[in-house]
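Chemist: In order, the protein sequence lines correspond to chains Z and V.
At position 138 of the first sequence the residue is numbered 138 (my numbering), and the sequence of numbers has no breaks.
At position 179 of the second sequence the residue is numbered 1179 (my numbering), and the sequence of numbers has no breaks.
Honestly, the hints are just simulated from the structure, not real lab data.
None of the values given here were measured: they were computed from a predicted structure.
We put the CB at the ideal spot given by N, CA and C, even for glycine.
Treat the hints with care, since some could be wrong.
[To be verified] Examples of chain V residues lying across from chain Z (beta carbon under 10 Å, computed):
id, residue
1, Thr1031
2, Ile1043
3, Arg1044
4, Glu1205
5, Asn1209
6, Gly1211
7, Phe1212
8, Trp1235
9, Leu1277
10, Gly1278
11, Leu1282
12, Leu1467
13, Phe1470
Below, each chain spelled out in residue letters.
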Amino acid sequence: MASQKKILMILTVVLAAVLIYACIPSKGEEEDKIKKVNLDALKETEDETADSLTLTDSVQVEVQQVDTTKQRILLVGESMVEGLSRPFADYCAANGHEYNAVCWYSSTTKHWAVTDTLQHFINKFNPTYVFITIGGNELFVKDLDNRERYIKRIIEVVGDRNLAWIGTPAWKQDTGICDLTQKLVGKNRYFDSRGLKLERGKDHAHPTFAAAVVWMDEFVKWVTSFDCKHPIVLDKYTQKAKDKHLILLSPSTI
Amino acid sequence: MFTFSSITNGIWELFTKTDNTFLFCSVKFWTLFVVFFAIYLLIRNRRKTMMLTYVLCFGLLISYKVNGWYMLLMPATALLSWYMTEMMKTAGGGKHAKRWLAAVIIVDLLPLIYFKYTNFLVGIFDNIFATNFSPMAIFLPVGLSFYTFQAISYSVDVYKQKVNYDVSLLEYCFYITFFPLLFAGPITRTDTLIPQLRTNKPVDEKLVNLGFWLIILGLLKKGLIADYIADYNNWIFDDPNSYSGFEVTMGVIGYYLQLYCDFSGYSDLSIGLAALLGIRLLQNFNFPYKAKNASEFWHRWHISLSTWFRDYVYIPLGGNRKGKVRTYVNNFITMVVAGLWHGASWMFVIWGAIHGGALVIHKFCKKLFLDKINDTPLVKFCSWLLTTLTVMAAWVFFRAKDMATAGDVFNRMFTDFDWAYLPPFATVRTMWLVFAVLALTIHWGMKESWNERIKEKMTNAHWIVKLIVFAVTVQLVINFSQDSVQPLLYAQF
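Next comes chain Z alone, as it looks inside the complex (with noise of 0.2 Å):
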């Protein structure tokens, strides 16, 4: 009896010490080196949450006029972007946006959260309209609270800019990552790529570059529409840009 006792004291000190830690928050966006258990379950959600302020700025963007000024195009994001990059900058040729584009291999919404990257091209092109597709290395994360957290900080450093997401076209059913920048960023400021049936690579992952400019198209329907929160001019080019003005980072760890 006496080592069953023991073995009880044991178990609840680790418990206790496991939930403690769990319940105290974690400081910047750094993620804890010792992890804790995720305890959403016990915590009070938002009321207010990006859907909910989506719902009442969808409204006012039925009366919303589309943006016809040419714009400072800045597309960032992770290897998806190589092959997207090359029709939205025919796009931007044609219908006279200035564009740039980051291709920061291997990266997740860590490595932009975390780095000073994402701030160095805002201040290095100074936007007017900032496009992010990240997510494609992070389809199968498990923990999404340290996700939600980078999510959230890439948005404060886009600050006022208009910003679209463009959700990873991913080849199967991811963790969350999808739902949860969605969630985040607000159902208009966010293209879902799930649903589009497209040519994939040798790596049954990457769209070919034809399937690009079909992902482009499908992406284009969407931000000159009123479905999203800030609809721009992107009329079909009828040649391709010459300079597709593209920077590629190299993967680093983090």
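Using the hints provided, position chain V relative to the given structure of chain Z.
Modeler: Same frame as chain Z, now just chain V:
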């Protein structure tokens, strides 16, 4: 943020809300268990009826957590099975008793057949008669396969008078609903469990301490190693053609290790939990990957299942009592049925057939020439290698969703293997390699005597040492359970 109402709501849901992630490695389970264990220690030495009822109720709660109201199947099976076995006993032997036995086995098997095999049987029907019945959405209650087999073993043992004492309804329900056995066994015989419920001996302190060590070991194997390496292995088997032959080979080796760590880890947790309550269960895995032939493998792997099939399928079929050819046929059939027990799919049948074939070949060769060969280190090594490769290859069929996927796996391994992938693999998947090596070390790297020594040391360690080891283990499981491994080595096209 945390509020009083959100916390009380969360605690209420901990007891009442169903949750299919509620496993022995989850914080939710351990939270409930600590509360259960505290009350258990208070009432353990009071009336036995109270203790049995309490543990039984906890088992039903755990079953409800994972199965929802399908959990009612378990007590219903227990009640029917016990009652029909009692009727069999009163029939007093002969044909009447045999009919009752057949009836109780059928009643026990019916839910298993319905929930597990309906769509499989519908598929066979469609193929044979060119019909087009669509599969039904049937939920498979967790633990059904295990407690069904326990129920059958009880009735058969009573019939054969191996269990020649009365088992009360309460004891029997306890036996069927005993929560450490709920998710994945081990399939425990009546003789192992019931006599322990009747003893008034004080709890064996050594058993309790051993149980705690087994819980730590189980968390390391299942919660840490198996769950971590599973991510990568799943990608490989989901789409082998997206990966190089080297990566696919690593996935196959990884799955071989994952399966051992997962199953044996879970068994350690089950046996450990039972030991904390003072109940000794039998060992379920005995370093199976050290086996040098198929027969030895099945004496070491999932022992409770293999002995169940031996006693309740192989022996009733005739065992080895009807000549050589019949022995081989019985072996083969038993393994095919064992394969089907694992899942309602032809892939499991093929897996069972491979093992059945391996057993037959071993038995045949043993008599022919194997017994005449000297057991030199080279012979032992070759035997082990052949057995390992056979087991590993069979696991590919066990895991692959269909023959095409299994074919793709082997195709990639044998046509696209290149050692040049090792350096980038080691760079990107360092932790996966670390855990794979750890699994290999736990299984092969240690002599069984070292394993016994570690077990002895941990069992007798000071409680502060146990606290630290347990805390570190739990934190490692939490840390690595949230580690997300990227699916793609390098994102570029």
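Chemist: All the hints need checking, so say for each whether the structure fits it.
Modeler: Hint check results:
| no. | hint | verdict |
| --- | --- | --- |
| 1 | Thr1031 | holds, 6 Å |
| 2 | Ile1043 | violated, 12 Å |
| 3 | Arg1044 | holds, 8 Å |
| 4 | Glu1205 | holds, 5 Å |
| 5 | Asn1209 | holds, 5 Å |
| 6 | Gly1211 | holds, 8 Å |
| 7 | Phe1212 | holds, 5 Å |
| 8 | Trp1235 | holds, 8 Å |
| 9 | Leu1277 | holds, 8 Å |
| 10 | Gly1278 | holds, 8 Å |
| 11 | Leu1282 | violated, 21 Å |
| 12 | Leu1467 | holds, 5 Å |
| 13 | Phe1470 | holds, 6 Å |
Comparing the model with each earlier hint shows violations of hints 2 and 11; every other hint is respected.
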